[in-house]
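There are 2 protein chains.
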Amino acid sequence: MALARLVDVHTHVYLPRHCTPSTNFSPLTRASSRTTIYWDRDEKIKFMDRHGIDLSLPTHGSISSPASEAQTLASQLNDDLQQYCADSPSLTPSLKRLYGFGLLPLVPEISTTALLEAIEQISKLSYLKGIIMGTRGIGKGLDDEALDPVWAALEKAGLVVFLHPHYGVDSQAWGDKNNGHVLPLALGFPFETTIATTRLILAGVFDRFPSLRLLLAHSGGALPQLSSRLASCIDHDPVVASRLKHDARWYLGKLYYDAVAYGPEELGFVSDVIARSQRYETGSSVPTNTAVDRTLGSGRMLFGTDHPFFPPLQSTEKWASVVENLQAIDAVTGWGQAEKDGVRGGNALSLFNLV
Amino acid sequence: MALARLVDVHTHVYLPRHCTPSTNFSPLTRASSRTTIYWDRDEKIKFMDRHGIDLSLPTHGSISSPASEAQTLASQLNDDLQQYCADSPSLTPSLKRLYGFGLLPLVPEISTTALLEAIEQISKLSYLKGIIMGTRGIGKGLDDEALDPVWAALEKAGLVVFLHPHYGVDSQAWGDKNNGHVLPLALGFPFETTIATTRLILAGVFDRFPSLRLLLAHSGGALPQLSSRLASCIDHDPVVASRLKHDARWYLGKLYYDAVAYGPEELGFVSDVIARSQRYETGSSVPTNTAVDRTLGSGRMLFGTDHPFFPPLQSTEKWASVVENLQAIDAVTGWGQAEKDGVRGGNALSLFNLV
Numbered sequence: 001m002a003l004a005r006l007v008d009v010h011t012h013v014y015l016p017r018h019c020t021p022s023t024n025f026s027p028l029t030r031a032s033s034r035t036t037i038y039w040d041r042d043e044k045i046k047f048m049d050r051h052g053i054d055l056s057l058p059t060h061g062s063i064s065s066p067a068s069e070a071q072t073l074a075s076q077l078n079d080d081l082q083q084y085c086a087d088s089p090s091l092t093p094s095l096k097r098l099y100g101f102g103l104l105p106l107v108p109e110i111s112t113t114a115l116l117e118a119i120e121q122i123s124k125l126s127y128l129k130g131i132i133m134g135t136r137g138i139g140k141g142l143d144d145e146a147l148d149p150v151w152a153a154l155e156k157a158g159l160v161v162f163l164h165p166h167y168g169v170d171s172q173a174w175g176d177k178n179n180g181h182v183l184p185l186a187l188g189f190p191f192e193t194t195i196a197t198t199r200l201i202l203a204g205v206f207d208r209f210p211s212l213r214l215l216l217a218h219s220g221g222a223l224p225q226l227s228s229r230l231a232s233c234i235d236h237d238p239v240v241a242s243r244l245k246h247d248a249r250w251y252l253g254k255l256y257y258d259a260v261a262y263g264p265e266e267l268g269f270v271s272d273v274i275a276r277s278q279r280y281e282t283g284s285s286v287p288t289n290t291a292v293d294r295t296l297g298s299g300r301m302l303f304g305t306d307h308p309f310f311p312p313l314q315s316t317e318k319w320a321s322v323v324e325n326l327q328a329i330d331a332v333t334g335w336g337q338a339e340k341d342g343v344r345g346g347n348a349l350s351l352f353n354l355v
Numbered sequence: 001m002a003l004a005r006l007v008d009v010h011t012h013v014y015l016p017r018h019c020t021p022s023t024n025f026s027p028l029t030r031a032s033s034r035t036t037i038y039w040d041r042d043e044k045i046k047f048m049d050r051h052g053i054d055l056s057l058p059t060h061g062s063i064s065s066p067a068s069e070a071q072t073l074a075s076q077l078n079d080d081l082q083q084y085c086a087d088s089p090s091l092t093p094s095l096k097r098l099y100g101f102g103l104l105p106l107v108p109e110i111s112t113t114a115l116l117e118a119i120e121q122i123s124k125l126s127y128l129k130g131i132i133m134g135t136r137g138i139g140k141g142l143d144d145e146a147l148d149p150v151w152a153a154l155e156k157a158g159l160v161v162f163l164h165p166h167y168g169v170d171s172q173a174w175g176d177k178n179n180g181h182v183l184p185l186a187l188g189f190p191f192e193t194t195i196a197t198t199r200l201i202l203a204g205v206f207d208r209f210p211s212l213r214l215l216l217a218h219s220g221g222a223l224p225q226l227s228s229r230l231a232s233c234i235d236h237d238p239v240v241a242s243r244l245k246h247d248a249r250w251y252l253g254k255l256y257y258d259a260v261a262y263g264p265e266e267l268g269f270v271s272d273v274i275a276r277s278q279r280y281e282t283g284s285s286v287p288t289n290t291a292v293d294r295t296l297g298s299g300r301m302l303f304g305t306d307h308p309f310f311p312p313l314q315s316t317e318k319w320a321s322v323v324e325n326l327q328a329i330d331a332v333t334g335w336g337q338a339e340k341d342g343v344r345g346g347n348a349l350s351l352f353n354l355v
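These protein sequence lines map, in sequence, to chains A and B.
Residue numbers 1 to 355, in our numbering, belong to the letters of the first sequence in order.
Residue numbers 1 to 355, in our numbering, belong to the letters of the second sequence in order.
Looking at chain A on its own, in the form it has when it is part of the complex:
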């Protein structure tokens, strides 16, 4: 049996080239521009060592440069990230400790050719195993048919798409009380992911590209809890009732989810929702009133930290945000050692073909 590894699939890096005014990069405007935690590889490795993380897959943030600059910037950042990983320590003779998610120049008015060239570039960069994707596409969202060639190329290249929110939803809805960043972070981010994924389902993207591998940030946000409601709303709406090949809940079993939900009940529930997908296989004879086997769902869930965000307010040896997610995995009712080891690292090693 292979050594159990701890692998972080949700961790951010903002390399120096990213952090210039022209990229409109927002996290640094909130944080001290003097901190090195956003790009320094040694800090990332130190964080990993402190929490027992063997291997991490840092992801770029999105870019929002003008189309004329975006292709070059994305290409350079992908090369930067390749180098950042290549220079990382070795975990085994055949594995480094860092791999990464590259980025596409997904900005308004970009050409399809530029997007396809970026996918080709990333496919050839040995340490890049997927791409990060925001929710706006090239300006009209991810359900834009203009992205079909992109999904096709990503599917063909076998690159994992890490869907991560960036803007939040409807800041007016937060009201005028000072609640710090709690509402946009705790609710706005997951809502954004939920909407984007739902729009992908409704647009038939998973029907057209069934082998596309999409990894959802923050355990899919609110999508699991709203998925039966979504299925019912679709069934009751004449505009969409006959559009899709499957019940909405079927698609949730084809997705991947980070395990960044901070609680064991949440993680167990997400694995239930993945596992029940098979009930909605066309022509399935799986009855809808039997208990689901949540061990079947755990294989699509993957540990993450969201580093360097959620630092502790006071100095501590370990970060509470990381400890919470590890404890949550360990405490899921109905998961055995194999499922927990899988979520902690085995599933990531398989998904990203890291052997």
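Heads up, a few of these hints could be off.
Treat identical chains as interchangeable: a pair holds within one or across any two.
To be verified - Lysine-lysine pairs mimicking DSSO-like chemistry, simulated, CA-CA at most 30 Å apart:
#	residue 1	residue 2
1	177	245
2	177	254
3	96	177
4	245	318
5	177	156
6	318	156
The set of hints was computed from the structure by calculation and includes no laboratory data.
Owing to the predicted nature of the structure, the values given are computational and were not obtained by experimental measurement.
With chain A held as given, fit chain B onto it using these hints.
Using the frame of chain A, we list chain B on its own:
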């Protein structure tokens, strides 16, 4: 043992006085103005009979009249609803088949006195057992300190507050594809409830009014799935980290949830989230890594239909939306007959003191 009853706590009524241009009532603008399903009591009873529903608690929609008219309109509508219930058939010698949620004139520039008078009126109307509440309060949301006297009066009167969304969230986020009403209904409504409840928690309303009884539409929307993330975000934000008396997850165990979530995994998860609240009791010795007993959570969950919304697209004997919610209750893993009977009706009879 008492006869097991089926009680619908989530069902709408828009009485004729409500359906005039000055009330800005929106559902009827979507539907045929000729239909009587929105206000006809016989249609409500027929629907109940067809689905085996013994007793229902219809709720008004919100009103958005100018303050000068709102108090009178609310008062008249409350009297109307009292009569609507009083004239309903008897279920037992001491029970009618219809009870209701009244409404407060919650509009901008209304006086506190007018709101308190409405609560006093509703308290005296024997068939009204609570009030409906939207998410905007008197214009600044439910975390507005101006509402403190209202919460105090509602708490004292023992009226259940049914928190129901009305506006959805951020229609721009739905994009420009025609997906019917799916996105605002399946996602926007639950998001609205989630935000409003979170703002109530953050504002300390449940700390100040611990006996307030709040019933959340659509099983709390996305709040259960995002509640551990919410707790973590609060703990990591210096603005709010020390503000509340309890971990955010504690408050979820003090709320009530309709069982309108369309799937057994969702309902089971909501009951887990309610049950785990006790872990976060101040000074609790309940370890956070033991399995929760979800039977403990079921007592705060109550069957509902959302009638007359979600009608079947084709004529059927029973409505799929109702059948789905009944099947979901029946299929929750870990709930026994007592829990299922409770969610179907026993919990509602207790909550509303219908004996």
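Status of each hint after checking the structure:
{"no.": "1", "hint": "177 x 245", "verdict": "between (44 Å within a copy, 18 Å between copies)"}
{"no.": "2", "hint": "177 x 254", "verdict": "between (40 Å within a copy, 23 Å between copies)"}
{"no.": "3", "hint": "96 x 177", "verdict": "neither (46 Å within a copy, 43 Å between copies)"}
{"no.": "4", "hint": "245 x 318", "verdict": "between (46 Å within a copy, 25 Å between copies)"}
{"no.": "5", "hint": "177 x 156", "verdict": "between (48 Å within a copy, 26 Å between copies)"}
{"no.": "6", "hint": "318 x 156", "verdict": "neither (40 Å within a copy, 46 Å between copies)"}
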